[in-house]
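Dock chains B and C against chain A, hints included.
Protein chains in written order, with the numbering used here: chain A, 98 to 206; chain B, 268 to 487; chain C, 46 to 156.
Rather than coming from a laboratory, the hints here were simulated on the basis of the structure.
There's no promise every hint is true.
With a Cα cut of at most 30 Å, we get these calculated BS3-like pairs of lysine-lysine [claimed, not checked]:
1) C:Lys92 to C:Lys113
2) C:Lys99 to A:Lys169
3) B:Lys312 to C:Lys79
4) B:Lys407 to C:Lys92
5) A:Lys169 to B:Lys294
6) C:Lys142 to C:Lys99
7) B:Lys407 to C:Lys131
To give an idea of the interface, some chain C residues facing chain B are shown, with a C-beta separation under 7 Å as derived from the structure [to be verified]:
8) Ala64
9) Phe124
10) Ser125
11) Asp147
As the structure is a computational prediction, the values presented were derived from the model and not from experiment.
We treat Cβ as the ideally placed atom computed from N, Cα and C, and that holds for glycine.
Here is how the chains run, residue by residue.
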Amino acid sequence: MTASILQQVKAGLNELPAFAVGDRVRVATRAPIGHYRVPIYLRGGVGVVERVIEPALVDNEEEGYGRNAGNKRHYYRISIPLPTLWHDYQGSHRDELHIEIYETWLERA
Amino acid sequence: MATGKHYHDHDHGHDHGDHAPITAESKPGYYEVMETAVRELLTEKGYITPNDIRHQIEVLDSRTPALGAAVVARAWVDPAFKARLLEDGRKGCEELGITFYDDTQLIVLENTPDVHNLIVCTLCSCYPRPVLGLPPDWYKLKPYRARAVIEPRKVLAEFGTQIPDDVEIRVSDSTAVVRYLVLPRRPEGTQGWSEERLAALVTRDAMIGVIPVSLDKEAA
Amino acid sequence: MATEDFVSRLPNDIGGFEAGSVMRVEHVLEPWEKRCHALADVLDFKKLINTEEKRKGVEALGEMLIGKLPYYERWIVAFSNISFTKGFFTPTQLAEKMAEVDARFAEQDAA
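Chain A on its own, in the form it takes in the complex (with noise of 0.2 Å):
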């Protein structure tokens, strides 16, 4: 019937989100050469995807080259705990960053 056709779609590659809301992942520590967009005060960086940003979108650092097309990924906003990134943070141990991260960058924690 129509149910076992709808589950039977395939999505595309890289289509789907590999991470949703409330994943723990870490931020790759990879240091590139060449155009980045991932500070690296956050290489390393273990945090909770607060956001799955929609819709998949070309890879700002490809795009920084001029290629404007290609395969899309996902981009999510992250939290981190700001003493899990810095030795001596003074602050309130629930004080956070926030930033939009490229799924490439990503891994899970």
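Same frame as chain A, but now just chains B and C:
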């Protein structure tokens, strides 16, 4: 940053020293000549037209903090609008006729008794221009960009804003397609005020999140 | 500092760096600065030079120029460099046009 520019410093008795003021009769500087030349070359070669530039200048001139203030005031008086705004900031602004002339999205960050938001772009100068206009120099310079993500409470204190330790601070760093607007807390003693009267209280700096909205200050 | 640290850190990546207190400076844009901003927006809409390409172009100026040039000055130099790469115009064409504009402004001043 030495350029001969005349900076207006609002809060510090800043000695302008070696910065020569630019007057209307000054000879155009090197970079103004470059801008003129680039624009004329691109126009001659058919990439852009003078009307493209003229129109966009008009667009920019029409975008000021008063637009953001109108959004904030509407959110304060209309809970259903506020809910829609928090769900999708760009759509909320578009409801009020504030078009977004670029591809950016907007997330509106609500300040509450437990959470205080501020926005920054550490990498460059991302800012919600369609709804706030152009950012002030201090937002684009190193001290704010470097320190807002590591010592937000100290930075806020430099603006005269004290956030108690039991209030969580959320710093949002723009790096991609999303821009932010802080929805500041509505001050006490404004019950029954019209949207217009409320909007007049809301300053640009309150929507960046570095100062609260208060009855004492006039809108910038 | 090992040289790879310089190579793998963009000069604009300053989150967490030490810096002085925030001086609340701002200025009303000069007309050319506003035209430069409008140019950036138009180039982005038309996908001639998108916003991310502009950011990369500014980064490519390097730490020294980024430190010495104010904001819109960095943009217009970046746009020139990108225009050369994309073949919109050549360095010679830009130099000749700048000389022509200079002369035109001088005439207007003298008039």
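Hint check results:
1. In summary, the hint linking Lys92 of chain C to Lys113 of chain C is supported, as the alpha carbons are separated by about 29 Å, within the 30 Å threshold.
2. Between Lys99 of chain C and Lys169 of chain A the CA atoms are separated by roughly 21 Å; this keeps the pair inside 30 Å, and the hint holds.
3. With a CA separation close to 22 Å, the supplied pair Lys312 of chain B and Lys79 of chain C stays within the 30 Å bound.
4. Under the criterion of a C-alpha separation no larger than 30 Å, the hint pairing Lys407 of chain B with Lys92 of chain C is consistent with the structure, at around 25 Å.
5. Among the hinted pairs, Lys169 of chain A with Lys294 of chain B is inconsistent with the structure: their alpha-carbon atoms are about 48 Å apart, more than 30 Å.
6. A C-alpha spacing of about 22 Å is found between Lys142 of chain C and Lys99 of chain C, which places the hinted pair at or below 30 Å, so the restraint holds.
7. A hinted pair counts as satisfied when its Cα atoms are at most 30 Å apart, and Lys407 of chain B with Lys131 of chain C qualifies at roughly 28 Å.
8. A least Cβ separation of about 4 Å between Ala64 of chain C and chain B falls short of the 7 Å threshold, and the interface hint therefore holds.
9. With 7 Å as the threshold, the beta carbon of Phe124 of chain C comes within range of chain B, its nearest partner Cβ sitting at about 6 Å, so the hint holds.
10. With a cut of 7 Å, the hint placing Ser125 of chain C at the interface with chain B holds, because the nearest CB-to-CB distance is about 6 Å.
11. Hint status for Asp147 of chain C relative to chain B: holds, with the closest Cβ pair at about 6 Å, below 7 Å.
Comparing the model with each numbered hint stated earlier shows that hint 5 is the single one that does not hold.
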